[in-house]
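> These are the residues of each chain, in order.
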Amino acid sequence: MSSGDVSPVRVEGEPRGTDSDGVSARMPARAVEPPVAYPFKQPLTWWTRRRGYLLYMLREFTAVGIAAWMVLFLVEIARAHGGGAGYQPLGGPLFIAISVLCLGLALWHSYTFLSLAGMIMRIPLGDRTVSPRLIAQGMFALLAAVTALIAALLIWGGA
Amino acid sequence: MTSQDSTGGEEHHVPKPGPNRVLGLIWAGFASAAVLGALIVPAHILIQGVLGPLGVPSFDRHYGTFARALSNPLVKIYLLVLFACSFYMLAMRVWYVVRELGVPSKLGVGLFSFGLGAAGTIVAGYLLFSGP
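Protein chains in written order, with numbering that gives the first Met the number 0: chain V, 0 to 158; chain E, 0 to 131.
Hint data in this document are derived by calculation from the structure and do not stem from the laboratory. Please read all numbers here as calculations on a predicted model, not as lab measurements. Some clues are possibly wrong.
Facing chain V, from chain E, some residues (calculated, C-beta under 7 Å) [said to hold, decoys possible]:
1. Tyr62
2. Thr64
3. Met88
4. Ala123
The beta carbon of each residue, even a glycine, is placed where N, CA and C say it ideally should be.
All chains should be modelled from the sequences, with the hints used to inform the complete structure.
So this is what it looks like as structure tokens:
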């Protein structure tokens, strides 16, 4: 870069006096031209660069799968408004395939969020606290118990 | 809140001292909704979405059993909580992820995502409490 490429910055006033550190002596008192900011723009595909980023985005995407399946459930409830004659529950290979996909996302959400419980929760036990690993294991045991209970109720309701 | 610095320079943002209680409440709601969703949702999808259509009896496969269950106020409230948790989770996740993908408007994205979640919950409430 030649010296002609650089435009001189106009300076108001004189440079400051020399301080003990000697740094401010080289700095102008006040530059007229404002400093140019170059904000960093993250590329849209930043989350594809690392496996951890990808798993993070997948975890965030689980909410979409869960909400999508809930909308399908709402469609079923709306169909029930028409009475017994016109009621047709959702089914077929496409619905099952979507449900399997949503189930995978829901389980991924369960795994990631319940694993965090051990790091978030602090349960005092005497002078110490319950170990994070034990808390996470307890949450997974609770998931299994709640799943079994709800599954039993849903099947019992349909029997 | 904005203020001018002593040199008469341009305005800059001065953060309010103390914790952001509204954001804290939003996160507390998200944590509760996410735990409930993590514990409850997989069972519903497994039975109603996968095993039910494959022949396992489920309460929503026949109108009689479905209407009988939906007529119970406790089931209505339970399902409304389930829908609300799912849509709240969606709103919170979308609020953050869309901004992380480069959309700058925090307020705009927040209004859109939480508005979407609220609309879903209202529709669910209407369908549950006006149905059989």
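> Name the hints, by number, that the structure is in violation of.
none
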